[in-house]
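**Q** Listed below are the residues making up each chain.
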Amino acid sequence: MAEQDWKANKRVFAAVSLPTLLWTLLFFVIPMAIVWFYSFGENKGLTEIEFSGTLDNYKRATEFLYLSIFGKSFAVAALVTLICLIIGFPVAMAITFASEKWRPWLLLGIMLPFWTNLLIRTYALMMLLGTQGFANKGLEALWGGASWFRTLVGLQPLPTWEPVQLLFNNFAVVFGLVYVHLPFMVLPLYAALDRLDRSLIEASLDLGAGHFRTIMRIVVPLAAPGIVAGVMITLIPALGAYLTPDLMGGTDSQMIANVIERQFKKANDWPFGAALSFILIYAMFILIALQAMRRKGPEVR
Amino acid sequence: MTEPAKPIIQIQNVTKRFGRVAAVDNVSLDILAGEFFVLLGPSGCGKTTLLRMIAGFELPTEGTILIDGQDMAGIPPNKRPVNMVFQSYAVFPHMSVADNVAYGLKIAGVKGGEVKARVAEALDLVKLGGFEDRMPDQMSGGQRQRVALARSLIMRPKVLLLDEPLSALDAKLRAQMQFELAELQDQVGITFVTVTHDQDEALSMASRIAVINKGEVAQLAGPSDLYEYPANRFVADFVGSVNIFEGKLTLDEPDRAAVDCPGLGKVYLNHGVTGPHGADVWVALRPEKIYLHVPGEGKAVRAAAQDAPDGHNFARGCIKGMSYLGDITLYDILLESGARLRVSRPNLSRHDQEDFTWDDKVSMHWRADSPVVLLG
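Chains A and B, in that order, give the protein sequences.
Going by the UniProt record's numbering, the first sequence opens with residue 1, and the numbers climb by one from there.
Going by the UniProt record's numbering, the second sequence opens with residue 1, and the numbers climb by one from there.
Since the hints were made in silico from the structure, they are not lab data.
Some clues are possibly wrong.
A few chain B residues that face chain A, going by a derived Cβ cut-off under 10 Å, partial list only [unchecked claim]:
| id | residue |
| --- | --- |
| 1 | K79 |
| 2 | A168 |
| 3 | P309 |
Short derived list, chain B residues pointing at chain A, Cβ under 7 Å [what the hints assert, rightly or not]:
| id | residue |
| --- | --- |
| 4 | S88 |
| 5 | A90 |
| 6 | I107 |
| 7 | A108 |
| 8 | P287 |
As the structure is a computational prediction, the values presented were derived from the model and not from experiment.
Each residue gets a CB set at the ideal place from its N, CA and C atoms; glycine is no exception.
Using the sequences and the hints given, assemble the complete structure.
**A** Rendered as structure tokens:
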């Protein structure tokens, strides 16, 4: 009853939601609208933009160069999401089935990176992966050890250690994005798995299925809503990733967000940057719409 | 059954500890092939743990479980010749009824045609023929339970384990399912082992019942023996309703015994109890085995004197409470000794001549074969 009263009273509803609505309007809807108008404008001089209603910016965005960067961004984001899913699913299962005592600590471990600034985390990763980084130092030590062992048994020593290029390439971008986005995948998966009735798993075992078949036939289908949520929540920010490819990528690993940034800054072509931004936003809308449509299907309790 | 039944499950000195708590404490019992066995006990007594150890979901800390003569140590649940019906039924929500029931057979690699025939057969058995394409969320709790039953029975297990199978059903359906389960068991001839906390359920379905208390077997007996000859106070109190009075054993011969209870008075039994003379014992008396009389006419005294010496098996009191349950009425009687006595009385006619009501003085008697003397 109380809840219905609250819903029925429009003034209470307005008072509660007004600050948020105003905030969203002022700092999201209006700026986005301005950018949207820019995307139909033309550059006239250094700071002047004319709203001419032209579609040239969008035409230019469909040139092969930009389409290929869009395509690459999708491919990288999809790969990152897939790796996150493959790593994240067992992690989420492990947390779900961990003892009561351990579960909060494991969840804390997953969430801990959120409490550190992304920039700092990225620089930390770069220290790890650089040619003088811990990964290379560790490999070098192993290499030296192997070489020493070979001389010990009377074989030729290995050639001098050449550091592996782990940074400033596509590998570094994918690695960095997986590192950043893994918690986004694990948490919705955990939420879905935690809701799963344990006796369903036991029933499957009881009926003769092994653990692998139980996971594939019972756990994965029933965790599907969590998987979809995890995929969306990972894919969308990965698609618009800017910092990681900027800092960790090489010359050939720029993603669409880096191109957009360049339009607004170095190239000083705001209308074109705006058009690229909106193409990315439309793509995300389509993804979210697809997910929403899927959800309308028969609900699995 | 004329041939002597062989044990299908042998539980030998099984203990299960969770931390320092022994959920199951040195239990040994044999479950016979083809019987409907019930593990009965209050919640937390260890009965479900025992069932889950048979299924293989818990491992005994000590002791051995044999199924059909084979030691189950190290054998995982999916390799055991038993199947379980879970308390929540655990029907797979993303599969149709037919897919649920076929699940185990498909895992076992049975061919499509045979799967179809056996699914139809199993669904007929639980009276769900024609429900093949339904999804679980389109079914009632009772129907989902039948799906769970069919899904287990189709595997033709040596033993079917049922964890509180009727607890989620409403009273009418539960009563009906008690009969159906017993009938089904008779039909398929598979050994059923059921866990329940509901004594009515246990008494109505079981061929034998093990009453479990604090991880130990308090008594193992058939339903009527359990009710009429409880071995100790826990069983007497847990199975059915009972009045228990403390007393001293004053007479104990092969064909008669007497107990002096400060609360109830002198109790006479027409059989021996083989307890130590003068020992502290308890007398259990079921409410339905006590006869109520209008006082002052000597009816109670005369009736008691028919099979007991004067002054035995007889009491006076005053009705302090009653609850009318339709078929019977329960009376809460304050005895002259100050103790309370519960008496039940069938409502044999619609308008009883001797209607007892609040604050009525009454006298009572019981037959000499009614009280049970408990030593522990």
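**Q** Next step is simple, just say for each hint if it's right about the structure.
**A** Against the structure, the hints come out as follows:
1. Residue-level restraint check for K79 of chain B holds (minimum Cβ-Cβ distance to chain A is 8 Å; threshold 10 Å).
2. Because the smallest distance between the Cβ of A168 of chain B and any Cβ of chain A comes to about 12 Å, over 10 Å, the interface hint for this residue is violated.
3. Annotation: interface hint on P309 of chain B violated; nearest CB of chain A at approximately 59 Å, more than 10 Å.
4. Hint status for S88 of chain B relative to chain A: holds, with the closest Cβ pair at about 5 Å, below 7 Å.
5. For A90 of chain B, the interface hint holds, the least distance from its beta-carbon to any beta-carbon of chain A being 4 Å, beneath 7 Å.
6. Nearest Cβ of chain A to the Cβ of I107 of chain B: about 5 Å, under the 7 Å cut. The hint holds.
7. With its C-beta approaching chain A no nearer than about 6 Å, A108 of chain B sits inside the 7 Å limit, and its interface hint holds.
8. Residue-level restraint check for P287 of chain B is violated (minimum Cβ-Cβ distance to chain A is 39 Å; threshold 7 Å).
Of the numbered hints stated above, those contradicted by the structure are hints 2, 3 and 8, listed in ascending order.
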